[in-house]
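Chemist: Next come the chains, spelled out residue by residue.
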Amino acid sequence: MSQMSKIVRTISNIIFPFIMVFGLYVIAHGHLTPGGGFQGGAVAASGCVMLVVAYGSTWIFEKIKVSRLSAFESLGALGFIGVAFFGLIFGGYFFNNFLVKTGILFNIVPETGFTGSEFNTAGVLPLMNFAVGVKVIAGVFAIVVVMAYASSIKEWKQ
Amino acid sequence: MSARNIVAVVMLSVLAVFFILTALMLSFGAPIKYQMDDYIIMHTQNETGTNSAVTTIVFDYRGFDTLGEATILFAAVSGVLMIFRRVKK
Amino acid sequence: MIYNLPFIIVVAMIFIGLFAVIFKRNLVKIVIGITIIESGVNLFLITLGYREGGVVPIFTSAPADVAENAPGSMVLPVPQALTLTSIVIGVAVLALMLSLIMHIYRHYGTLDVRKIRRLKE
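Chains as they are written, first to last, in the working numbering: chain X, 350 to 507; chain G, 702 to 790; chain U, 1211 to 1331.
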């Protein structure tokens, strides 16, 4: 695909940080409001796909190497499994929530009933949310870049 | 109409009768088994310290299913990248 | 709600998808029919867990009159968590189907289902 006109490129440059901030907000507040890793990752990935549409797939394929995106995705998957294995070391069973009542980072328990919202609660869950969010963003972006490039060239090497 | 079309229409109408009978027999506002969900709603804030029941089900009570879903995402992305491996320049 | 209306809509969506898979000749239209069937099944999973007059099962700043009978006025949360997994599986299957369609078009030159079966290489 070729580049779109200058007005489209300028407007997508202006809107792109707002979409990414909203996607990262939905990922980070997964334990307080509806949302979480998969939903926020889909929102942020659609912001990245808007850049692919505005700048053309040949230009984007030269700037971004697909092997680096694949490494990002593996990092997200390893983070998810690593947090689950730390639960096995510190507790006794797989996927143990070892930061809730005795840990350092996210260890306040909210009072029962309908309270306000504190960010410092809910144990292991924000770390897992970030790992899954990175995985979804890198995966969807890599799929769209590769398929858009492959549909725009004339013949393939056989 | 060819023979394949007639057979397909007959089979779809038989299937439609079964599906509509099942849809009219289900109860909409009153689920039958709710004891596990009541236990989860009562004990979410004490045991896990979360304010949201849906996210703690996805990552804490049923974290193994989320592990399987992450594996499926990984397999799909690597499958797409492997199909287009010969496409260069 | 009117008597059992979401379940009848689920049956209608599954039958629209089945009609597109059986009776259409273009490969892209068949893939769209498969996606419509998956959307109908996801809707069925969510409507299984509805309670009459219930609110969202989240404790952050909920209205005050829900607090008297807490688990009796909240919607069941487990089907919503399992529908998330089902949506992600649908996305993965759709990505693989579309990349295989691109390969078929490069090899055969056409997207008609009746012509693809007859060309022998």
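Calculated from the structure, these hints are not laboratory results.
All C-beta atoms, glycine included, are put in the ideal place defined by N, C-alpha and C.
Some clues are possibly wrong.
[Unchecked claim] Covered by chain G, per the in silico footprint, the following chain U stretches (three or more residues, Cβ under 8 Å):
#1 1235 to 1243
#2 1252 to 1259
#3 1287 to 1298
#4 1314 to 1324
Chemist: Three residues or more, CB to CB closer than 8 Å: is that satisfied between the segment 1314 to 1324 of chain U and chain G?
Modeler: violated (count 0)
Chemist: Is the coverage entry for the segment 1252 to 1259 of chain U by chain G consistent with the three-residue Cβ rule at 8 Å?
Modeler: holds (count 3)
Chemist: Given as covered by chain G, does the segment 1235 to 1243 of chain U meet the bar of three residues or more with CB within less than 8 Å?
Modeler: Check failed, 0 qualifying residues.
Chemist: Can you take a look at whether the segment 1287 to 1298 of chain U is actually covered by chain G? Rule is 3+ residues, C-beta closer than 8 Å.
Modeler: It holds, with 8 qualifying residues against the three required.
Comparing the model with each numbered hint stated earlier shows that hints 1, 4 do not hold.
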